[in-house]
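Participant: Listed here are the chains, written in short residue letters.
Protein chains: 2
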Amino acid sequence: MSENFAIDGLAPTQRIRGVLAPALTPFKADLAPDRERFISHCRWLLSQNCGLAPFGTTSEANSLSKDERTSLLDALVAAGVDPLRIMPGTGCCSIIETVDLTTHAVKHGCAGVLVLPPFYYKDVTEEGLYRYFSEVVQGVGDARLRIYLYNIPPLTIVRITPRLVERLLRAYPNAIAGMKDSSGDWNNTKTFLDMFSTDGFDVFVGSETFLLANMRNGGAGTISATANVNPAAIYQLFAECVGQSKFNNGESKLEHRQAQLNVVREVFSSTRFPSMIAALKQAIAIYANDPEWSSVRPPLVKLTTAQAKLLATELNSQRFAMTELRIN
Amino acid sequence: MSENFAIDGLAPTQRIRGVLAPALTPFKADLAPDRERFISHCRWLLSQNCGLAPFGTTSEANSLSKDERTSLLDALVAAGVDPLRIMPGTGCCSIIETVDLTTHAVKHGCAGVLVLPPFYYKDVTEEGLYRYFSEVVQGVGDARLRIYLYNIPPLTIVRITPRLVERLLRAYPNAIAGMKDSSGDWNNTKTFLDMFSTDGFDVFVGSETFLLANMRNGGAGTISATANVNPAAIYQLFAECVGQSKFNNGESKLEHRQAQLNVVREVFSSTRFPSMIAALKQAIAIYANDPEWSSVRPPLVKLTTAQAKLLATELNSQRFAMTELRIN
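From first to last, the protein sequence lines are chains G and B. Numbering (my numbering) for the first sequence: 1 to 328. Numbering (my numbering) for the second sequence: 1 to 328.
Hints listed in this document are in silico derivations from the structure and should not be mistaken for laboratory results. A portion of the hints provided could be inaccurate.
[As the list claims (entries may be wrong)] With a cut-off of at most 25 Å between alpha-carbon atoms, the simulated DMTMM-like pairs for lysine to aspartate or glutamate come out as follows: (1) 190/B - 292/B; (2) 122/B - 266/G; (3) 122/G - 166/B; (4) 28/B - 135/G; (5) 28/G - 292/G; (6) 190/G - 290/G; (7) 122/G - 68/B; (8) 122/G - 266/B; (9) 309/B - 185/G; (10) 309/B - 266/G; (11) 122/B - 185/G; (12) 253/G - 266/G; (13) 309/G - 266/B; (14) 122/B - 166/G; (15) 309/G - 123/B; (16) 28/G - 127/B; (17) 190/G - 292/G; (18) 122/B - 199/G; (19) 107/G - 67/G; (20) 28/B - 74/B; (21) 122/B - 290/G; (22) 107/G - 127/B; (23) 28/B - 127/G; (24) 107/B - 68/G; (25) 309/B - 123/G; (26) 107/G - 135/G; (27) 122/B - 166/B; (28) 28/G - 255/G; (29) 107/B - 292/G; (30) 190/G - 166/G; (31) 28/G - 135/B.
All chains, please: the whole structure from these sequences, using the hints.
Facilitator: Below, the structure is given as structure tokens:
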């Protein structure tokens, strides 16, 4: 299915673009991270033309300790994965810990870092968030730093606003590289694209549902949970949007592909499952015939047997639209 | 003002009760924690008959790193503060980090720990939260563990429900010692008191506004931000409620004291200040004539000069009702 138009081999000055998977974090029976399954999964994602955005929401990053996060990134790089295809999540509530994780990623030569706003306090001011990110940029103090601001108000409640981006871009034009918008509101994404995309500010949408719209409006791609199970098909739409496909990329064809992606995503975002994360892990468990993949850390819960059966049935009926999973 | 009815000298089997201050964390100019000012402030709070609940919301605990938290607790104990008067906050999003901080507190012999639910994911299930706290209890694996569940839905969104408490109490009757309810909803607190207070489940209210009501209904006291600046007056009401005061503690007298406390609290919770935390720190800066005390870590911001002046004026007019601050 995949066209294999690689997005790797970027020169260090080039920005990461395309489809990035917030790589799921597999756990062992004792809930420790499963390094081998993690690396295998990441390698498979790369083979499907996906970049990696490990330690995101879908990765259960905030359920990991700081040490687990640094150790998994070390393992990924040690396994030979090109850091220029990795954008790890490094945002914590504490500036100190965000600076530590970000410095670690920059030292590995990662393409960038995806940084949540501090999410414990609510009703914080724009000034407070500006100072938070300023402290992070100054604390890391490395010209290679590329920050992608992570706007996900359904989970953080705290929002990345256009005025905050404007101030940060003015103060740190090299360090502030873009954002991931998981607001779920296309009008919100469009506002950022209209205001900043011509300034070299790269907007990734947090769901492939908005990928076509994003690419039509100067966006950089998508960082989407579903890329963990459907990477090639999502990449295919990206490739056609940027004219890298040998296929006819007329508008109606693109819209048809977008519609197919949406159908698959809807399976995983169904409220019949306790969370999309648990459903994605269950899908890998099913396709790879590897039940251990279904584990999640509390407070998340895995699918019940009945829910897992329902998911298997639904996936089977959607198989025409979905990447065949070939986890090694 | 204070009656000096000490709540210290508890036998190890006795539970901590009374008025606990979620001790503010002072910062130096470079935003590093100021250990000396922290210890001085904690000592002053103890001298006012307050127990300590450091590393709470008011302490900006989630803006600290794990290492900063353990190092400050080490310093407090090394300074000779009785661990039986300390209930540190240890709840993080990650089970691993919550277990680490909790184990550290238990090894110090602290009276208990105040544990937030994991607060990154929203819409989590009761089952997921039950497993989270189960993992914490089992991960710490120490018979001395006393967990106080921290319900603060305005910040966590995630709630501690009566059904969750019921399940946890049944599974871990020794480890689950009580809760702090910062829901701001007396009916919610009352539900927990009615259901569990006769089972040795100690309910602290998260604001002294509800202290009289809590004590009339079998509660254990309050863990309140304002105790950082008004400890003796809050303790006075507690002491009178439990019959430890030599003063007349008729109902109308108690209600009068409660009303006085409420007036002081309203000064600090005014929306004219960016946050109650910043206002409390500014109050100490004013009374101790120590401007460095006003620092907060981003995303919080300190009061502007105009806001600081307004606070000084308001405090002056409320002085009759408030503990005189005597920070050494």
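Participant: CA of residue 107/G to CA of residue 67/G, is that 25 Å or under?
Facilitator: Distance of about 16 Å is within 25 Å: holds.
Participant: Measure nothing beyond the straight line between the CA atoms of residue 190/B and residue 292/B; if it is 25 Å or shorter, mark the hint as holding.
Facilitator: Not satisfied, since the Cα-Cα distance of roughly 40 Å exceeds 25 Å.
Participant: Take a quick look at whether residue 107/G and residue 127/B sit within 25 Å of each other, Cα to Cα.
Facilitator: 40 Å, violated
Participant: CA of residue 28/B to CA of residue 127/G, is that 25 Å or under?
Facilitator: OK: residue 28/B and residue 127/G at ~20 Å, within 25 Å.
Participant: Taken at face value, is the distance from the CA of residue 166/B to the CA of residue 122/G at most 25 Å?
Facilitator: 29 Å, violated
Participant: Next pair to validate is residue 122/B with residue 185/G; report whether the Cα-Cα distance is within 25 Å.
Facilitator: 18 Å, holds
Participant: For residue 122/B and residue 199/G, compute the direct alpha-carbon distance and say whether it is at most 25 Å.
Facilitator: 34 Å, violated
Participant: Check the hint pairing residue 107/B with residue 68/G against an upper bound of 25 Å on the C-alpha distance.
Facilitator: Status holds; Cα separation ~23 Å.
Participant: Residue 107/G and residue 135/G: Cα distance at most 25 Å?
Facilitator: 18 Å, holds
Participant: Assess, step by step, whether the Cα of residue 122/B is no farther than 25 Å from the Cα of residue 166/G, and give holds or violated.
Facilitator: Violated, at roughly 29 Å.
Participant: Against the 25 Å threshold, does the CA-CA distance of residue 309/G and residue 266/B hold or violate the hint?
Facilitator: Since the Cα atoms of residue 309/G and residue 266/B sit roughly 55 Å apart, the hinted pair is violated (cutoff 25 Å).
Participant: For a C-alpha distance cap of 25 Å, please report whether residue 190/G and residue 290/G respect it.
Facilitator: 40 Å, violated
Checked against the numbered hints above, the structure violates hints 1, 3, 6, 9, 10, 13, 14, 17, 18, 21, 22, 28 and 29; every other hint is satisfied.
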